[in-house]
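Peer 1: Put chain B on the given structure of chain A with help from the hints.
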Amino acid sequence: MLGYAARRIAGIVPVLLILITVSFFVVRLAPGGPFDQARPLPPRTRAELEQLYGLNRPLIVQYWHYLQGLAHGDLGPSFKMHDDTVAGLIAQGLPVSLTLGSSALALALLIGVPLGLWAALGRGGALDHAVCAFAAVSLALPSFVTGPFLALAFGLWLHWLPVAGWQAGEPRYLILPAVTLALPVCASVARLMRGGMLDVIEASFVRSARARGLGRWRVLRHHALRPALVPVVSYLGPAVASLVTGSLVVETVFELPGTGRYLVQGALNRDYTLVMGMVLLYGTLTLLCNLAADLIHAWLDPRVRGEHA
Amino acid sequence: MRGSTLAYAVSMRSRRPGRRAALFAAALIVLLTLWAIVGPAASPYSPNGLDWHHLSAAPSLTDGHWLGTDPLGRDLYVRTLYGLRLSLLIGVLATGVSVLIGLAWGMVAGFAGGRVEAWMMRVVDILYSLPYLFIVLILATLFGRDSITLLLVAIAAVGWLTLARVVRAKTLSLKRREFVEAARAAGLTPAGIMMRHILPNLAGTVAVYATLMVPQMITSESFLSFLGLGVQEPRASLGSLVSEGAHEMLAAPWMLLVPASVLVALLLSFNLLGDALRDVLDPAAR
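So the sequences go chain by chain: A and B.
Be aware that the first sequence starts at 1, since it is given in my numbering, and climbs by one per residue.
Be aware that the second sequence starts at 1001, since it is given in my numbering, and climbs by one per residue.
Hints in this document: simulated from the structure, not taken from any laboratory.
Owing to the predicted nature of the structure, the values given are computational and were not obtained by experimental measurement.
Where is the CB? At the ideal position from N, CA and C, for every residue including glycine.
You can take every hint at face value.
If you only want the chain A side, here are some residues facing chain B, beta carbon under 7 Å, derived:
| no. | residue |
| --- | --- |
| 1 | VAL15 |
| 2 | ALA140 |
| 3 | PRO142 |
| 4 | PHE144 |
| 5 | VAL145 |
| 6 | PRO148 |
| 7 | LEU152 |
| 8 | LEU156 |
| 9 | VAL264 |
| 10 | ALA267 |
Same shape as in the complex, but just chain B:
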């Protein structure tokens, strides 16, 4: 699905000149991902190896620490790429979980209608009116300080609200269409109608929101890690690296600038791509 969506977006390029930026963003995402996977192998250093001869060393081409080191002598190039790996992984997995919840919640609410729908959407409204990261923060602190899985669940647990709203609205309009009526007349069960007729028609919308959700999830994870509540030492995520960099920015500004630039490039690319996909697949949402 992702592939064909992208192909469609690409085919629209000629009609929308501004979409070149989206293509560039998509290329950058692919590049960053590949780099996170194979990039560390290019450096002689390991992410947690200490180099006592180069503490807080500035970026340099001669000693192999291309992007400098931190006060413990750990290589920043390798650590940033490992951080990128973890941030991407958590971002994509949390998006997957959120999409599943949001899709199921919105589809069932929209399809069921009546009191069930009213209650389900009321729950969404209440959660929506509370500060989102604030709930994540409480969940993560209380349950998930040492475990990446629990961190992931905490982030995903509140990320599905927007998608649930959008999916419900779409389902409402879809369920009045003739093909749904025909399926019902043919004796298909509600579950069958949802799986076979509603779900495929939601795919485009879901792809758009999933793309826009990835940067949100990465931001949530980095936010928690920045506050010291997410990924713990010696592991690194982009957020925890930015946090370390912020503490060392007087003596070693590269510790802040390197991971922050990678994070910014990643977030901007995902947002650009998501916005462009939305323009193409879901023009009414603008």
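If we strip away everything but chain A, and leave its shape as in the complex, we get:
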């Protein structure tokens, strides 16, 4: 198990390096630069700025310097927001984004798993159909539609919850964004849990456990649940990717001060270091979650470990 984990962690490094390299060059080869404005800067100021940030040097040298900075944990200064470093900006927004993302993930799992189990156990019944219909609809609805709908219904019409905004430590502001973000993930989890359980219920080891006279719930808890969770667990990686993407929209809709807006702003402003910082942050996050999902998978299913040993 440890060896498997070590190999998988080592596998992340080259992927990250490729990600950094590709995005570094793509961002810089795109037309326009950080100091292009409607009113052009005086040539001397511009030259000094470029000198300051090292933008007048050959690309490959800039790349090397960026990597050196990274090795020291330095993400560089933001080209547009002159008073801030990229790391500083991320430190400001990350707590909000992480709170949002983790509560959405928790919500999706806490609701999706029981819902899927319930649907599988009552297969073909009214509840099963209801869960499947809910999943199909939630998966088809993009969060930029559900978000404004929820804000309109619960914020503007019913006045139950704030329409938008954020106050640290006030969970009322978190509810609508977290629900919006969790909805499609919850639907996928419910679907996968249902499918996983249906596969397992018919497996021979579950039938023989029942035949040995074990009670329905005992079989469920000790025999069926673990293998049935496998599809849900392997979905956790893509789930995080979908949460990351969704959070861009949700943070815009509900005007949350998270990190999502930096990516859009940074790309629009050609703020190279900011875009790179965000790519690195979200890329690492996604890769780590994929890894975590694979490790849990290996723990649940010994065959996975065996294959790689």
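Peer 2: Just chain B now, kept in the frame of chain A:
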């Protein structure tokens, strides 16, 4: 191909009672498409014409603004239909491009085997593990803010991954079949075998995934337009209309509700149809 697939799905209806919904979805798609094409002609207003006497007017039958207007006095009925046109167009074209890439990539990988296959699928895995819309977003912002073509390329560039995986798996099983062996024995080149024997057998699967891809592409486009990075004013897509509506929802909720309902109807229909086609043509994929 599309036509005969649909006919097959229709013929299966009697055996699967739940498939009536899919037929309904297909009808709705056709209806929405036709409406997007001919619907604007029914209204006296143009998509970008300003009506100073009716700013943010509520839906009404008397003044000709059936679905209301926005704060600039532009008619929402016509704008929504123009948005639908653009969203459908981008969705279908981007799907076409994605299908071409995914099909070629998956087929070559599956057929070549060995190290080529391992590398090609490794590329897919890496791209797969990154947030998909996130890459689209970067591509679109950096290269395509004013051009629909570039927007299309950015959306299509990352949409082909699932199809590539599916096509590869199918190709792997197809290439072991007797008719492929017979073709090889008859001296056909690998390219010839792929074109004449593998490709036709992939058609059903590809049709299913193409149908499921259209709503994804429409969502991607709307997502970018919602963030202000896709279709730019004065042009409208469903995404940019939803975005405008979200800003005006206190004063003019119809600006949100009208384009959002059309978008939801469209996405749900495509998903329903795709799921039903998958049940019929590719039961193992469920």
